[in-house]
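Following the working numbering from start to finish, the sequence shown increments by one per residue and tops out at 678.
None of these hints come from the bench; they were simulated from the model.
Keep in mind that a hint or two might mislead.
[Claimed, not checked] With a straight-line Cα cutoff of 25 Å, these simulated SDA-like cross-link-like pairs (lysine to any residue) come out:
#1 K81 x N117
#2 K344 x G413
#3 K439 x N87
#4 K131 x I307
[Said to hold, decoys possible] Derived CB-CB ranges, DEER-like:
#5 K540 x R50: 54 to 62 Å
#6 N222 x T361: 41 to 49 Å
#7 R162 x A481: 47 to 55 Å
#8 K37 x K527: 30 to 38 Å
Ideal Cβ positions, reconstructed from N, Cα and C, are used throughout, including at glycine.
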Amino acid sequence: MRKILSIVLIVSVLLTSISVYVPSDASAKHSFYPLQKNDPVVTNALNYLRDQQNPDGSIGGFSVTAWAAIAISSADENPHKWGNLVNYLKNHVNLIDSTKATDWERQLLAIVACNENPKSFGGINYITKVKGFYDGVQIGDPANLYDDIFGILSLIAAGIDRNSTMIQTIKTHVEKKQRNNGGWGDVDTTAAAVMALVAAGENKNSDVINNALLFIKNMQTNDSGFQSWGQTNAASTAWAVMAITAAGQNPTDTRWQINGFSPVDFLLNLQQENGGFKWSVNQNFNPQWMTCYVIPALLGKPLPIKIYKTTEENCQDDADNGVNENNANVTVNVWTGSIRIEGKNHTVWSGTVSLSSSLITALNDSSGEMEEYTIPYPSVLGALDEASRLGGFSYSVIYYPSWNAFYVKTIAGESDWWHYLVDYNVSMVDAGKYELTSKDKEILWGYLEDWYVHVLRVDLDKTVVNQSEEFTVTVYNESMAPVKGAVVHVSSFEYTSNEEGKVTVKIETSGEYMVYAEKNGFVRSNKIKVFVGKKVEIAKPLHNAIYLWNTKLGIKTHKTFVFGAVDVKVRVADNVKRVEFYVDGKMEYTDDEKPFEWKLNKFAFLKEMTIEVKGYKSVNNTSNVQQIMDCLNVLSKQHSFILLGLMENHLRDSNKSFVPEGYDSIKVTVTNLFPFFR
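Put together the whole structure using the sequences plus the hints.
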């Protein structure tokens, strides 16, 4: 029971309130099954996957791309005509976790679906890889039944005779793991087991299959779909439909209907206008992945989708085939993006990380030992690991072999209630399984003592304002809906958002202020800095201060004294790109790179000077324009040249675009007898 509860935490974001099922028009139109490949439901789903495909050929990451290949093949389309999809699978073998049989098995199913040779795909014999996990009884991790089930499916797909000793031995092992209730844990696993056993030759009317179907039937909900993790969803229902089909039954028959609606109706009801399928009626989790599952289910195509035409003898290891499996051409995917960790009462860390693969230390729930696990691609868990090193905070992870899942137990000493979102979207996979791509920009880890996560986000209409100038803060939730009643913090000031999620703020004192929002039941928002004050302001030297060789003394006086050289530093608004420094009206220096500063190092003895700075939006040389204008003014007065006067007027009009965005000045009394000493 402890393990089950822990796993539930991994997918806590999936546990939401059950909604009333209302069949869509699409479901009402499909009383027949299976659907045909030219059915609009199928073609729209395929078009959705095309729209989601990246230039490198991937669709939703490495593992989802494999399932996409299977879905495409189930619709009798050629994956080779889907851009770089096949090459993406071939060239990114480095993203496979070589220690997990299920990774190789998934890819083996996809390779066969692509009509490729599984013995030499990208220079690798995938059949040999899967066989390498066989110990004479089962495949891979003894505590994980998935690798046995998908071992059967993938090897049969690759052309291994289903009557071979290895296949039949694994089949017997799977059958022995069947529970008294007829299932193998949940609907998903049971459905996959049914497909594997039937593929391995099990009689469709045997007690093993009938008991499994009875278990699946008992997991059917009032909305006619099937549940896992407490909610009816597309994945579980798609797998159940494929299992029912594999067992020779029709999922639209009355025996599989509830209130006149079948599991197929439930799936059809999840299709969106863009052709993709939602995870559930209320939640649009991983629509790319869900669409890949639903397509073969609607087409009545259980796994394995295709079987490679070969023989057992041809599938033996080739010792002399000249293929070096370690020389496969691979690319390394490096992800760079931002990550923010919001704890219960404070922000743990926020910054930018870069990563490709990760070595994660986790507590193995089965062995009770701390072990290391390699994640060969940039993942959300890997980003957390990298952030912990940069931010100096701790975290702990539990690995559950039976589920092949990571559970983040603690971050910075806070336990159990951690959720993650990518670009404010909740995912249905654990953090180790989420493969980051170039489309993913920001990861948020949030502590919230709730099964389902809601987060706040803030937006400002201005980030640079004058003193007493109003600006508006808007508070949204993760789906950009306004949030009423949120507490908006502007440094030490607090405001409450209205019905539109807005607050109006006016600050009298210049400075930099951090803006963020909090509300019970939500993860803390992002933080945005607002600058209040002059757009161009001298930050050093300060008024009524004494500087000795560039160091401010802790003495207040009635005016500013400078002894020796001093750095003149300027604080500006974001839109200021260029600053000019003047002393007594004469420009001394121009700077067009932040931080804007200049060293005042002139000979003087108790001389009062006026330091002035001007800031501009443009980096153009405005002083040259002014100098030319001054020269033309002198010449036109001396010689009365009309042409020169016209040129001066033209330049004066041009110079309007170089009006300073802001300026500031300070009077200082300087004593510097040795300016050559810097």
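Against the structure, the hints come out as follows:
1. K81 x N117: holds (17 Å)
2. K344 x G413: Holds, at about 11 Å.
3. K439 x N87: Satisfied, since the Cα-Cα distance of roughly 20 Å is no more than 25 Å.
4. K131 x I307: OK: K131 and I307 at ~17 Å, within 25 Å.
5. K540 x R50: 54 to 62 Å: holds (58 Å)
6. N222 x T361: 41 to 49 Å: holds (44 Å)
7. R162 x A481: 47 to 55 Å: For R162 and A481 the Cβ distance comes to about 53 Å; the hint holds.
8. K37 x K527: 30 to 38 Å: violated (50 Å)
Against the hints set out earlier in the document, a violation occurs for number 8 only.
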